[in-house]
Amino acid sequence: MRLFDKPVNGLATAGFQIIVSSMTLIYLLLTSGDAFGQSVREETRLLDKPSGEPRGGKIMPGTAVRLIERQGFWIHVEVSAQRGWLRASQIRFSSDQTGSITLDSGRMGSGNIVSTSAARGLSAKDLLNGKPNFNDVGRLEAIQVDSKNVQAFALAGNLRPPASSIKLNTPAQSSGRGAASGNAGSAEPASSGTGKKKNDEDW
Amino acid sequence: MKIGKFSLLCCAFFFFIFASDSQGVQSDEEKVGRAAAAQVLGAARLIDTDASHQYLNLLGQSLASKGGTLYRWRFGAIESDAINAFAMPGGYILVSTGLLKILESEDELAFVLAHEIAHVSLRHHYQIVLRQRLAEQASRELQSAVQGNDLAKLASASGQIYARGLDKAAEFEADRLGVEIMTRAGYDPIAALGVLDRLLKFKGSDPRAELLFSTHPSPSERLDMLLQAGLDRLPRPSNEGGTNRQARFKRYVQGL
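Chains A and B, in that order, give the protein sequences.
Heads up: the first sequence begins at -10 in the working numbering, then just goes up one per residue.
Heads up: the second sequence begins at 17 in the working numbering, then just goes up one per residue.
These are computed hints drawn from the structure, not numbers from a lab.
For glycine and all other residues, C-beta sits at the position ideal for the given N, C-alpha and C.
Treat the hints loosely; a few may be bogus.
Far from chain B by the CB rule (all over 12 Å, computed), these chain A residues [claimed, not checked]:
1. P43
2. G45
3. A53
4. S69
5. Q71
6. R81
Under the rule of at most 30 Å between Cα atoms (straight-line distance), these lysine-lysine pairs were calculated in the BS3-like manner [claimed, not checked]:
7. K217(B) / K114(A)
8. K114(A) / K47(B)
9. K114(A) / K169(B)
10. K266(B) / K137(A)
11. K266(B) / K82(B)
12. K266(B) / K217(B)
13. K137(A) / K82(B)
14. K82(B) / K117(B)
15. K82(B) / K156(A)
16. K38(A) / K156(A)
17. K117(B) / K137(A)
18. K156(A) / K169(B)
19. K156(A) / K137(A)
20. K169(B) / K47(B)
21. K137(A) / K47(B)
22. K114(A) / K82(B)
23. K266(B) / K120(A)
24. K217(B) / K38(A)
25. K47(B) / K120(A)
26. K117(B) / K120(A)
27. K82(B) / K47(B)
28. K266(B) / K117(B)
29. K117(B) / K217(B)
Extracted from the complex, chain A is given alone in its bound form:
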């Protein structure tokens, strides 16, 4: 724990400590940005490889994980200095319950600045103010594909519909308010807006 053998003068030590502690703070902020974005959803143990054997101790729900890589539905993670594999569904990717407000507003600030130069044809403004182009609708409607060609396309791509019936379940959604509840007057477009992306790190 001791960084220095000799005691150094008090002021310098204090200054050093301030620097160290502020660095620690920065470090914590950075790592919380990185790591607290994703957490373990359920009590589990890490596996040594995809579909492998469990190793190490129990990991409790809510423990932060760092994502390293993905192989199919398996994700290589680091949890409390241990590395191992979890199934994607054992990880909570979104982090609406945590997060630093200051980082959020910072992101949103820069987002707003960039948005003024986002004239790339498909901004909200373009959609609102653009002139309808019925000529291109006509071109779109003129495209014809033969159903025989659709079959041939599926065959050439070796698309084989699975034998079992395919149905996902509908998880309880706290944020949902019913399908397409509309927003004619109460526009709320940015409820999941720019700030939320802070923890979505590359992995």
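Since chain A is already given, all that's left is putting chain B on it; use the hints.
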């Protein structure tokens, strides 16, 4: 068997008559979609290469047949760096070249198209139009627009819907049905994870993804929802034939 074929032929015949009337547009839903498509195409035009449209429509049609609802589907790529796709009532679907270029496989493109097909089949946007007609404020303009056949007014009214987006629940629903559709067609459901994974890399401040992020839940929320819905328990197809798919997908993207 013969009767089946005959009735199919009859259906096709009547559908042909239905489809080949003067405007090619019959239902109110299609009329609304046509105007909305014109509005989006006014912001970013349809790409010129006709060969490209064939590929996108072949892929789209092979998915739409698993969507459960009968529409005259039209799939088009629009010229824009923005990363986005649009579903209009009646079966009009537009995907930006910006989005097409960040995708890595036909299976990923299948998820994108299937998500949009799901919006159409679930009538997410059309329901808003219907509701807006009922709503006092918007009713006059929209009613008169439809009755007076004023497509330009209808178009500008629908521009608002696409600028604001749907609510989260509708997006989650389209993700789930989209994954079901693509998997039923024989595509690998893991490609949905791939697309969302790719979107994670675009921050909220990236102008290319700005509208997408302001109108959709964050990619990580969508990932969570799909995984909780059982995405990783769906059957995955074998890799055979994947090279063929990859080759034609690459050709398509390079030709944009």
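> Given the hinted pair K82(B) and K156(A), is their alpha-carbon gap at most 30 Å?
Replying inline: Given that 30 Å is the threshold and the Cα spacing comes to 12 Å, the pair holds.
> Between K266(B) and K117(B), does the CA-CA distance stay at or below 30 Å?
Replying inline: holds, 10 Å
> Would the pair K114(A) and K82(B) pass a check requiring their Cα atoms to be no farther apart than 30 Å?
Replying inline: violated, 35 Å
> Is the hinted pair K117(B) and K120(A) satisfied, with a Cα-Cα distance of at most 30 Å?
Replying inline: holds, 26 Å
> Was S69(A) rightly flagged as not at the interface, with every chain B Cβ beyond 12 Å?
Replying inline: holds, 21 Å
>> Just to be careful, I want the Cα atoms of K156(A) and K169(B) compared with a cutoff of 30 Å; is the pair within it?
In response: Violated. K156(A) to K169(B) sits at ~40 Å, over the 30 Å cutoff.
> Can the restraint linking K82(B) and K47(B) be considered satisfied, given a maximum Cα separation of 30 Å?
Replying inline: holds, 24 Å
>> Check the hint pairing K114(A) with K169(B) against an upper bound of 30 Å on the C-alpha distance.
In response: At roughly 17 Å apart (the allowed maximum being 30 Å), K169(B) and K114(A) satisfy the hint.
>> Quick check for students: does the CB of R81(A) sit more than 12 Å from each CB in chain B?
In response: Label violated. Min Cβ-Cβ 6 Å, cutoff 12 Å.
>> Need the status of pair K47(B), K120(A): alpha-carbon distance at most 30 Å?
In response: Answer holds: K47(B) to K120(A) is near 17 Å, not above 30 Å.
> Taking 30 Å as the top limit, are the C-alpha atoms of K137(A) and K82(B) close enough?
Replying inline: holds, 16 Å
> Non-interface claim for Q71(A): all C-beta distances to chain B beyond 12 Å?
Replying inline: Holds, because the least Cβ-Cβ distance between Q71(A) and chain B comes to about 22 Å, which exceeds 12 Å.
Consistency note: the structure conflicts with the earlier hints numbered 6, 18, 22 and 23.
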